[in-house]
Amino acid sequence: MMKIYAAIYLFAISTLGSPGQNLVGYNSLEIRKFMKENHSGMIYNSVVNSKFSYLKYTDGDETLTTLFFLNENSVCNSIRMICDYSLKAEMMKEINAKYKKSGDNTWIDTRDGNSFIIRLKEEKWACTITIEPETKE
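Just so you know, we're using the working numbering here: the sequence shown kicks off at 8 and counts up by one.
Derived from the structure by calculation, the hints contain no laboratory data.
Among these hints, one or two may not hold up.
[As the list claims (entries may be wrong)] Simulated DEER-style distance windows between Cβ atoms: (1) K128 <-> K105: 24 to 34 angstroms; (2) T117 <-> S53: 10 to 20 angstroms; (3) N52 <-> G120: 31 to 41 angstroms; (4) E79 <-> K131: 11 to 21 angstroms; (5) S93 <-> K63: 27 to 37 angstroms; (6) K100 <-> E79: 28 to 38 angstroms; (7) R126 <-> N78: 28 to 38 angstroms; (8) A104 <-> S57: 15 to 25 angstroms.
C-beta: ideal position from N, C-alpha, C; glycine also.
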């Protein structure tokens, strides 16, 4: 029975592909195309919100939710992933492989001369991973 659960878990992780992919700077159509081609296991959820404009994707078990926050031009300016603690180890492995560690629960991604901060925050019920442009202070 444990082998079946392990197989299901591995299948779920493999269909997610790379949930930690940095799509900041992509427009909403590019994000939807990328998600359809690379994360077919994630389900697009239509959301109407007067305060924020974003695209929302969840996995079938609702253990991973990814929000792509969009500016007024429908370009992604930050990403937030909320994942169940059962996915934390896999997410950490992926983030450590993709990005350069820069501190406790913080990583840096550099693309096209721009730097992005990746932060992991442990909440009461889930982990939150945020990707956003690095601000110069």
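Hints, one by one, checked against the model:
1. K128 <-> K105: 24 to 34 angstroms: 18 angstroms, violated
2. T117 <-> S53: 10 to 20 angstroms: Violated - the Cβ-Cβ distance for T117 and S53, about 33 angstroms, lies outside 10 to 20 angstroms.
3. N52 <-> G120: 31 to 41 angstroms: Because 33 angstroms falls inside the window, the suggested range holds.
4. E79 <-> K131: 11 to 21 angstroms: Violated, since E79 and K131 (Cβ atoms, about 33 angstroms apart) do not stay within the stated range.
5. S93 <-> K63: 27 to 37 angstroms: Violated: the Cβ-Cβ distance is about 20 angstroms, outside 27 to 37 angstroms.
6. K100 <-> E79: 28 to 38 angstroms: 36 angstroms, holds
7. R126 <-> N78: 28 to 38 angstroms: 20 angstroms, violated
8. A104 <-> S57: 15 to 25 angstroms: 38 angstroms, violated
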